[in-house]
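Visitor: Each chain, written out:
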Amino acid sequence: MSLVLHKPAADRGGPAQPLLIVGGLRKHFPIRGGLLGRNRGAVHAVDGVGFQVGKGEILGVVGESGCGKSTMARLLARLIEPDGGEVIFDGDGVGAADGISIRDLRRDLQLVFQDSFASLNPRMTIEDSVAFGPRIQGLSAAEAMRVAHDMLGRVGLEPSRFGGRYPHELSGGQRQRVNIARTLATRPRLVILDEAVSALDKSVQAQVLNLLLDLKAELNLTYIFISHDLNVVQYISDRVLVMYLGQVVEIGPVDSLYRDARHPYTRALLSAVPSVDPERRTRHSPLTGDPPSPVNPPPGCRFRQRCPHARAVCAAALPEPVEIAPGHRAACFMADPASGYDSSPTEGGR
Amino acid sequence: MSVTGLATSSPAPLAASAVRSHGYWSGVGRRILRDPVTVGCGAILLLIAAAAVLAPWILPADPYRTSMLHRLAPLGSAGHLLGADELGRDMVARLVYGGRLSLMLGTLPVALAFVIGGAIGVLAGFAGGWLNMVIMRSLDVFYAFPSVLLAVAISGALGSGMSNSIIALTVVFVPQISRVAESVTTQVRGLDYVEAARMSGASAFTIIRAHVLGNVMGPIFVYATGLVSVSMILGSGLSFLGLGVKPPEPEWGLMLTTLRSAIYVNPLVAALPGAMIFVTSMCFNLMADGIRSAMDMKA
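Respectively, the protein sequence lines represent chains S and W.
FYI, in my numbering the residues of the first sequence are 333 to 682.
FYI, in my numbering the residues of the second sequence are 7 to 305.
Because the hints were derived from the structure by calculation, they are not lab data.
From the three backbone atoms N, C-alpha and C, an ideal C-beta is built for every residue, glycine too.
Be a bit skeptical, because a hint or two may be false.
[As the list claims (entries may be wrong)] What follows is a set of in silico ranges between Cβ atoms, one per label pair, in the way DEER data are often shown:
1. W:Y149 - S:L545: 52 to 60 Å
2. W:L155 - S:S530: 49 to 57 Å
3. W:G220 - S:N563: 35 to 43 Å
4. S:G427 - W:L137: 19 to 27 Å
5. W:G220 - S:L545: 34 to 42 Å
6. S:D343 - W:M139: 41 to 49 Å
7. W:L155 - S:G380: 56 to 64 Å
With the hints as extra help, turn the sequences into a complete structure.
Guide: Shown next, in the form of structure tokens:
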């Protein structure tokens, strides 16, 4: 009803146009130090990330802590300015002269954060928090409140009971539902969920995931689902992107990637997933050592210092992603027959 | 217990419809009311303020009328319950009337600095980057001087008088309050709900009004409350040095100066204005502490 008043932006590019095309996205945070604030180097938080998200799709993004997942989310939302690369939203270049403005982008793209408590203003009732976005978009106070109540109802929080409460009076799962309602109240087309369920109990996680799937179908949404939890990503995603130190190491359809991972990092991640099957329990730690510092990384493949299959060629150049199955690409020389990778075992090899 | 909706006593929203929702401030209010020190100090301050405001109606004695016969009358003399000063003026009347100017010197500069300094600090904190740098480093210049010296210097430059004292004290407090406002705003600005508000396309002004002010006002207010006693003491100090209020106007700091010479003759009477300054500033400080701890409680 109230949604008739308040519709999402129209589909401009048609169903075949990917909703989001990202190319060469880059953000280096400079490290300043010394007396005059000299530039001592840079954290290569996101370094040349490229991918596409189709309409109605769920793209899972996985990687270790500090690999640049959250920075990427904030770059896409333009909460921080990228240093380079382009983002095309439904055929329009973001921030380009003939494209879509940042302001319009924010109407279409929203972010759900991990910390459900920090995401809500502690001095606002939850209905006011949810109504804030629609109000900013120009709805009257009464209309915005109707939208807020409608959204609270959709996430399973009865507005008459919960609307007037403050965030500290709700449980973590309820607060994250409020955040989802708040995010969806502005009727975005793309929602980036940055570790949105990671802080919740397993049982509550399942509820919220199913809620997200229902809302996606009801409201025609597209998700980018960022998580470090591989089981959750496998459950919810259509395609999965694996990040390592600010770069995409592997991307592909969820089945193909989980069944036939080609990048040694992806394989290590997947073998680290705890299994309930005692036969399949891993005894050794698949990854040793900490990830190298993202400050001024050395040339070549960034994973080579931890990679059991590293060869001379890996230090020489950065591997380009190669297609190994339809839509499944991995940035590893082993996956590329033309790379000159020598597969004979070395002394360090296992 | 009659205390409904005690934050710790409602574990889960089971009987959700029965639980009335409490805002943050009602919780703070309840905690303050349960703290006897804060309530007591508030009551004393209220009493002093009420007496000062109602002085012409409740006091029979004229604070300006001198009497050579009663010079430095001791405590408890007939007609002068708290004695009389070096010109034979009734101390009760002078202390109560003195509260008017002293309280004004305590609160008005802080109130002005709260508005001005708060606005500067919130702006600098929310803007961040080079604007923050320029504003805060400019204000740091004031920190180079001790606050007493700065107040004396400004008062001296502007000339003596009540309004100049207030201006001088305001200038002293603006940088201090700005600094607190800037630091709390910087903290709040980085929180996810402010980022979420930015995502919804709200302007900086709207975000400050809707999401920032409510969350930074409390800490700034508490800090400012603690400054009231400092302001009273500095204001009294200015009067003491002859830079503030002029005689024969009753003001606690000034009274302390003029009674100074009587300290060996009648020490109890001479100490009375000092005692008033002490009690009042102490109450402001304790009250500020009480409010701070009431607000610190996790909701």
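Visitor: Falls inside 56 to 64 Å, the C-beta gap from L155 of chain W to G380 of chain S?
Guide: Between L155 of chain W and G380 of chain S, where Cβ atoms are some 57 Å apart, the hint holds.
Visitor: Do the Cβ positions of D343 of chain S and M139 of chain W conform to the proposed distance bound of 41 to 49 Å?
Guide: This hint holds: roughly 45 Å between Cβ atoms.
Visitor: Does the Cβ distance between G220 of chain W and L545 of chain S fall inside 34 to 42 Å?
Guide: holds, 35 Å
Visitor: Per the hint of 52 to 60 Å, is the separation of the Cβ atoms of Y149 of chain W and L545 of chain S within bounds?
Guide: holds, 56 Å
Visitor: Could you tell me whether the CB distance from G427 of chain S to L137 of chain W stays inside 19 to 27 Å?
Guide: Cβ of G427 of chain S to Cβ of L137 of chain W: about 23 Å, so the range 19 to 27 Å holds.
Visitor: Could you tell me whether the CB distance from G220 of chain W to N563 of chain S stays inside 35 to 43 Å?
Guide: Holds: the Cβ-Cβ distance is about 40 Å, inside 35 to 43 Å.
Visitor: Are L155 of chain W and S530 of chain S spaced within 49 to 57 Å by their CB atoms?
Guide: holds, 54 Å
Checked against the numbered hints given earlier, the structure satisfies every one of them.
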